[in-house]
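*Asks:* Top to bottom, those sequences are chains A and B. For what it's worth, the working numbering labels the leading residue of the first sequence as 1, then goes sequentially. For what it's worth, the working numbering labels the leading residue of the second sequence as 1, then goes sequentially.
To be clear, the hints were calculated from the coordinates, so they are not data collected in a lab. Be aware that one or more of the hints could be misleading.
To be verified - What the simulated footprint calls covered on chain A by chain B, stretch by stretch (three residues with Cβ under 8 Å from a Cβ of chain B suffice, anywhere in the stretch; the number is not a length):
id : region
1  : 6 to 20
2  : 87 to 97
3  : 123 to 135
4  : 178 to 188
Unchecked claim - Distance windows between CB atoms, simulated:
id : chain 1 : residue 1 : chain 2 : residue 2 : range
5  : B       : ARG103    : A       : GLY150    : 51 to 61 Å
6  : A       : SER14     : B       : ARG191    : 27 to 37 Å
7  : B       : ALA82     : A       : ALA180    : 24 to 34 Å
8  : B       : ARG74     : A       : LYS166    : 47 to 57 Å
Computed from a predicted structure; not experimentally measured. Ideal Cβ positions, reconstructed from N, Cα and C, are used throughout, including at glycine.
2 protein chains.
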Amino acid sequence: MVRTIAITLSYDGSGFAGFARQPGQRTVQGAIEDALAMIMRQPIDAVGAGRTDAGVHALGQVMSFSADTEFNARSLIRSLNAIAGPGLVVTEAREVRHGFSARFDAVSREYRYRIVPGVVAPAFLAGFGWWVKTPMDLAAMREAAAMLIGEHDFRSFCVADSAAGKSTIRALELMTVEPAVELGEHCIIVRIVGNAFLHSMVRILIGSLVEVGLGKRDPVWIEDALAAQERCAAGVTAPAHGLTLWHVNYPTEYWL
Amino acid sequence: MVRTIAITLSYDGSGFAGFARQPGQRTVQGAIEDALAMIMRQPIDAVGAGRTDAGVHALGQVMSFSADTEFNARSLIRSLNAIAGPGLVVTEAREVRHGFSARFDAVSREYRYRIVPGVVAPAFLAGFGWWVKTPMDLAAMREAAAMLIGEHDFRSFCVADSAAGKSTIRALELMTVEPAVELGEHCIIVRIVGNAFLHSMVRILIGSLVEVGLGKRDPVWIEDALAAQERCAAGVTAPAHGLTLWHVNYPTEYWL
Chain A
1 MVRTIAITLS YDGSGFAGFA RQPGQRTVQG AIEDALAMIM RQPIDAVGAG RTDAGVHALG
61 QVMSFSADTE FNARSLIRSL NAIAGPGLVV TEAREVRHGF SARFDAVSRE YRYRIVPGVV
121 APAFLAGFGW WVKTPMDLAA MREAAAMLIG EHDFRSFCVA DSAAGKSTIR ALELMTVEPA
181 VELGEHCIIV RIVGNAFLHS MVRILIGSLV EVGLGKRDPV WIEDALAAQE RCAAGVTAPA
241 HGLTLWHVNY PTEYWL
Chain B
1 MVRTIAITLS YDGSGFAGFA RQPGQRTVQG AIEDALAMIM RQPIDAVGAG RTDAGVHALG
61 QVMSFSADTE FNARSLIRSL NAIAGPGLVV TEAREVRHGF SARFDAVSRE YRYRIVPGVV
121 APAFLAGFGW WVKTPMDLAA MREAAAMLIG EHDFRSFCVA DSAAGKSTIR ALELMTVEPA
181 VELGEHCIIV RIVGNAFLHS MVRILIGSLV EVGLGKRDPV WIEDALAAQE RCAAGVTAPA
241 HGLTLWHVNY PTEYWL
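The following block holds chain A by itself, in its conformation from the complex (with noise of 0.2 Å):
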């Protein structure tokens, strides 16, 4: 019987050229797609919710696909993660209605980028943080932040060609600033939950907080940035290892 079935997943980006399958390299989607042939002895094409870039890591991605199998949740998370390998663990599995799509039917997403803020370099954090000497001012921050909020045009936050001849109108639902400590070291968290997101986009939206936080903008520059619709307006992209997806939201009547 064919079924259609999501997973959930975390990985440590590190590892991975970026999610996309790519010919002789090492992929999110390659290392599922991969292990789930070996398992079901079929070709499988599963897609991603979100299709993070080289080094960005992932708490909760989601994958869906089509079979010919049974199913059972505790085995099938048993099976991948005995053969996905190292860095990239499956924490969920559901039979889902046929037809769903992790990456078209997402109602919202939620990415989070942690800051290193400090003049000596994180010994835990360093590969999952930007580290930023020079301190930052968090109201500034926040008031940029808050500007972002609403649906926008955000062509300006995005890598300009993969922005051509599509509507970059994107709706952000939240978006705060945070002080925290994780493994004793002191960081920003910055959460981002928004409805879909144009490549890179978390990346530029950092970036051009952080030189908000720095001084080296007006926080009110932000709506320049987005008024002006090209690339070049918005600040520089903050660096992979700092983001990670953290959630993806789907309506309910999905699940079997």
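Following the hints, put chain B in place on chain A, whose structure we already have.
*Replies:* Frame of chain A; chain B shown alone:
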């Protein structure tokens, strides 16, 4: 002028063959002494507050040394961090009273041990916690921990050879077992504060606590293990990579 200097450092234990200098191996003491010798153009012997085993991390290790040198904290920190290499950062430097020893003048040491419970391995905490698949009873672990507080002969809780002919009486001030979330993953943090620790004592205490948590032993077994005064009476040695030397306390009269 000969000065005595104390530095505080953090390191990811995975990059070191332990703390103590060993020929042909990368060790914390070796990396720091070599960097100091290069900066100060004289051989330096530096002593550490805790001789962490291979794989054990430190957030707030303290080392002290004497040298005929000028002292500028910022420039010493910068030079050490430029030389001492990846996975090791010096966060503080201060001049202290002559004769100060990071090892012998410490009044207490705090260690934290991270356990990662769950049927699925962690993706981010893999290098920073002991993955335990079977659910644990935290209340039982706390009951056992409470029996360890105070002054006891911890001979059962150290590497047998290391205790020959020496006092194995130590005082534990605090031992707490609390759930936490770090890097998005659930974990259990055991905090241990004591005046001093025997070789592998924290890891054997944790291994014993986990046996209680798993229901293999009753909490009161801990008292029998203490009373037995032999290594085989206590639990397994927990893996090194879950352990972090968190903080070392000194009487403030040493600071200049």
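*Asks:* For the region 178 to 188 of chain A, do at least 3 residues have a Cβ located nearer than 8 Å to some Cβ of chain B?
*Replies:* Three-residue rule met by the region 178 to 188 of chain A, so holds; n is 4.
*Asks:* Count the residues of the region 6 to 20 of chain A whose CB lies closer than 8 Å to any CB of chain B, then report whether that count reaches three.
*Replies:* Holds, because 3 residues of the region 6 to 20 of chain A bring their Cβ atoms closer than 8 Å to Cβ atoms of chain B.
*Asks:* Can you let me know if the beta-carbon spacing of ARG103 of chain B and GLY150 of chain A is within 51 to 61 Å?
*Replies:* holds, 58 Å
*Asks:* Closer than 8 Å Cβ to Cβ for three or more residues is the test here. Does the region 87 to 97 of chain A pass it with chain B?
*Replies:* holds (count 5)
*Asks:* Starting from the hint 27 to 37 Å, judge whether the C-beta atoms of SER14 of chain A and ARG191 of chain B obey it.
*Replies:* 29 Å Cβ-Cβ, so the 27 to 37 Å window holds.
*Asks:* Holds or violated: 24 to 34 Å for the Cβ distance of ALA82 of chain B and ALA180 of chain A?
*Replies:* For ALA82 of chain B and ALA180 of chain A the Cβ distance comes to about 28 Å; the hint holds.
*Asks:* Cut-off 8 Å, C-beta pairs, minimum 3 residues; does the coverage of the region 123 to 135 of chain A by chain B stand?
*Replies:* holds (count 4)
*Asks:* Using the beta carbons of ARG74 of chain B and LYS166 of chain A, state whether their distance is inside 47 to 57 Å or not.
*Replies:* The hint (47 to 57 Å, Cβ to Cβ) holds, given that ARG74 of chain B and LYS166 of chain A are roughly 50 Å apart.
When the structure is compared with the earlier hints, no violation turns up for any of them.
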